[in-house]
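Sequences listed follow chains A and B, in order.
In terms of the working numbering, the first sequence is residues 1 to 547.
In terms of the working numbering, the second sequence is residues 1 to 298.
You may find that some hints are simply not true.
Ranges between beta-carbon positions, derived for each pair [stated by the list, open to error]:
(1) Ile-454(A) with Phe-35(B): 35 to 41 Å
(2) Leu-85(A) with Tyr-47(B): 30 to 36 Å
(3) Glu-70(A) with Ile-45(B): 35 to 41 Å
(4) Ala-76(B) with Gly-259(A): 23 to 29 Å
(5) Ile-208(A) with Phe-35(B): 54 to 60 Å
(6) Leu-242(A) with Asp-272(B): 33 to 39 Å
Rather than coming from a laboratory, the hints here were simulated on the basis of the structure.
On a predicted model such as this, the values are computed, not experimentally measured, just so you know.
A virtual CB, placed ideally from N, CA and C, is assigned to each residue, including glycine.
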Amino acid sequence: MIAGLTATERQIGLVLAGLVTLMGAALGIAGRNDVLGYQGLLIVVFGALVMIALLRNLDAPEPDENRLAEYYDDPIRFGIVLTMLWAIFGMFIGVWVAALLAWPELTFDAAWASFGRLRPAHTTAVIFGFGGNALIATSLHVVQRTSRARLPDQVSPWFVLLGYNLFCLLAVSGYFAGITQSKEYAEPEWYADIWLVVVWVAYFALYIRTLARRKEPHIYVANWYYMAFILVVAILHIVNNLAVPVSFGNAKAYSAFSGVQDAMTQWWYGHNAVAFFLTAGFLGMMYYYLPKRAERPIYSYRLSIISFWGITFMYMWAGSHHLHYTALPHWVQTLGMTFSVVLLVPSWASAANALLTLNGAWHKVRDDATLRFMMVAAVFYGLSTFEGSFLAIRAVNSLSHYTDWTVGHVHAGALGWVAMITFGALYTLTPAMWKRARMYSSTLVEVHFWCAVIGTLIYVFAMWNSGIIQGLMWRTYNDSGTLTYSFIESLVAMHPYYIARTLGGLFFLIGAAVGTYNIFMTIRHEPLPLSRRAEALGTDRPLVPGE
Amino acid sequence: MAIGERDPITGRHTTGHEWNGIEELDNRVPRAVIFFLIVTTLFSIVYWVLMPAWPLGVTYTKGLLGIDQRATVEKAVQEAAARRAAWTDEIARLDFAEITKRPELMRIVRESGSTLFGDNCAACHGTDAKGNPGFPSLADDAWLWGGDPETVAETLRIGINSTHPETRFAQMPAFGRDGILDRTAISSIVSFIRNNAQGIDDLGPLDSKGVKEGAQLFAENCAACHGEDGRGDPAMGAPDLMDDSWLIGSDRASLIGTVSQGRQGHMPHWEDRLTETDRKILAIYVTEIAGGRAGAAR
Chain A
1 MIAGLTATER QIGLVLAGLV TLMGAALGIA GRNDVLGYQG LLIVVFGALV
51 MIALLRNLDA PEPDENRLAE YYDDPIRFGI VLTMLWAIFG MFIGVWVAAL
101 LAWPELTFDA AWASFGRLRP AHTTAVIFGF GGNALIATSL HVVQRTSRAR
151 LPDQVSPWFV LLGYNLFCLL AVSGYFAGIT QSKEYAEPEW YADIWLVVVW
201 VAYFALYIRT LARRKEPHIY VANWYYMAFI LVVAILHIVN NLAVPVSFGN
251 AKAYSAFSGV QDAMTQWWYG HNAVAFFLTA GFLGMMYYYL PKRAERPIYS
301 YRLSIISFWG ITFMYMWAGS HHLHYTALPH WVQTLGMTFS VVLLVPSWAS
351 AANALLTLNG AWHKVRDDAT LRFMMVAAVF YGLSTFEGSF LAIRAVNSLS
401 HYTDWTVGHV HAGALGWVAM ITFGALYTLT PAMWKRARMY SSTLVEVHFW
451 CAVIGTLIYV FAMWNSGIIQ GLMWRTYNDS GTLTYSFIES LVAMHPYYIA
501 RTLGGLFFLI GAAVGTYNIF MTIRHEPLPL SRRAEALGTD RPLVPGE
Chain B
1 MAIGERDPIT GRHTTGHEWN GIEELDNRVP RAVIFFLIVT TLFSIVYWVL
51 MPAWPLGVTY TKGLLGIDQR ATVEKAVQEA AARRAAWTDE IARLDFAEIT
101 KRPELMRIVR ESGSTLFGDN CAACHGTDAK GNPGFPSLAD DAWLWGGDPE
151 TVAETLRIGI NSTHPETRFA QMPAFGRDGI LDRTAISSIV SFIRNNAQGI
201 DDLGPLDSKG VKEGAQLFAE NCAACHGEDG RGDPAMGAPD LMDDSWLIGS
251 DRASLIGTVS QGRQGHMPHW EDRLTETDRK ILAIYVTEIA GGRAGAAR
């Protein structure tokens, strides 16, 4: 990979890694009396490792000039591996934290293993580690192929990928040490947040520059979604994380917002993180890999447009539905609820566009587990967006809010939609990236598929049951007008569902482990001989420079 | 495919664009999408007209129905309180003896007492009210401060070693740590207690040592609070050491720990959190459990 960089690029990389190391050292020294010191040390180690890797190859010969006639896929390959590593780690923590709710002794009396630290480690590792790396890797693939343009340089994609993973590492290691700003899905503190802004701006610039080099007259719809994802996540991240650090030597910062404004900003962020990270980004993925795998044209270009603008416009209003029946003014709740209801239409239009694209390819869905992953993902996308709009209705929310129903809803989306579309995309992308005819084992893809489906169904059904039972127990009154159940009785009633949920998660984790093994074996397998590549993989249009 | 070419499977035209082999069909937006966009938008508009919806500078559109969540919840709380008043007024008015004589009130006390206990007391005293180490069992008839409903209600009101200005206060001194007694003396006292208390069936060789000296030391150091006979004193929350109810444990190690390091339990006061009626219900509920009449918490 480093051998593919030019001497100048290696030197630029060395300078950047050196700067990061220095920054980490400065942070570590300033924060030597705080847990921040360890975070600084982590940055130094990370930067130093990159520097060592570059230094060892600094004098390597210049890469072949012909590379410019091909797409730049090294960071994509690296990103695929990182995606699967984060998946295993994040899902393992998920199973642990699920088991913890059924068997509280599983914290082993260690502070770092308490629920409040494991839970954000799980969400960050799966959303940002697994999901984020998958989005970066696939977006760099899709933008090159659909623009018929090579990435503009070979440094910035590495900066984006490695920088992003440094952010994820800082976040997760920080939680274990007790660092958090207590904002759901935005737990990392100020220094990690600032670093992510730098990385994200580089990502945005990289994407725009590649699009600007495109040789296709139109920008393909997948790129609209990836662009919306990158742009809006930047806005959300910057606004919600506005905060004042206690000092430059302290990990703690205090939010610029307080009270109900803080809650509203947080859920404007939280809901749009779901919308633009977990929906728009992965819709981009779907719009490329699903038609590619099915070898069918997208059902309707016009439907793509309607649903894209519907989703991007409507989601922005919907965040307040997370704060029904709170101190948030009633009128804000009304707007959140009504926009959430309208939002169902473009959401279902997207799901329908995906499923109708499969017309003429349903026999492939039957035979090919990779395509089936993406089909099931589209179905779960439809289900969970329906559920989302339903739960946003105030009367429904009065039952569902604060219960496991919300957890079930999120996982219907996260497991059923986000993870399944990712696995479908990765099983399409991996053989192409390593120039193999197919995955190492299609049986293992099949095994993974069924583990994922069974795991998701067990999980979601357990949480629907437990959530609705919880909600009903909390609002049941007896004849004398007092509550029938104490809270602890509702906890006891949840116990069997928490065990079932752990089992569902375990199925999903096993599936991901099988998938990781399969990807690993595909990478190790012999590549196709050059003569047979065009026949087996001849899907990429050639990249002709200067055309 | 060139512009206008047809997809062989569906027979539909494509848009004529192609990206790395991906094409798009020129299908119209399905009518259902347009229909539901209109329906959901109309629903929203009607909802906005009826409910508080859009901001207008410092105010907002109030909606034709005049509904406001704050007013709604206040009204619901008032109505619920009015419905409950039929029996809450009775419980507030009557004294404990009178309440226990009224079966219809006692049914409500047991019903609502169970939930109140689960939400407020079970975390320390256990869902079965049998206590945990350091947290007394409420299911036996041994009471630190007295077990009649009036006294229990007072304990609930002011707590024990709590932040309430009138709190009940009790402290077992640390005889060992503070150098009042040496190890042999403490061991002797423990031997004396273990040989005289009820229901201790794990006496070992160590327990036979120093029983006599222990009796003397007990009279000098412990009797002031726990009484000459060791039966305790509810007036100062000193536990009965001769019954078979133990706060921490009756084993030798626990008792040596208690005498040596001292103890000071803590019970929060509930005057700021539960109404007088709720505290009255709980007082009757737990004394009933202690008397074995209601059984454990469900």
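Now for the hints, and whether the structure bears them out:
1. Checked against the hint of 35 to 41 Å, the C-beta distance between Ile-454(A) and Phe-35(B) comes to roughly 36 Å, which is consistent with it.
2. At about 47 Å, the beta-carbon gap between Leu-85(A) and Tyr-47(B) misses the expected band of 30 to 36 Å.
3. The hinted window of 35 to 41 Å between Glu-70(A) and Ile-45(B) is violated, with their beta carbons roughly 54 Å apart.
4. Hint check: Ala-76(B) to Gly-259(A), Cβ distance near 24 Å, so the stated range 23 to 29 Å holds.
5. The supplied range of 54 to 60 Å is broken by Ile-208(A) and Phe-35(B), whose beta-carbon atoms lie about 37 Å from each other.
6. Taking the beta carbon of each, Leu-242(A) and Asp-272(B) are about 36 Å apart, inside 33 to 39 Å as hinted.
Consistency note: the structure conflicts with the earlier hints numbered 2, 3 and 5.
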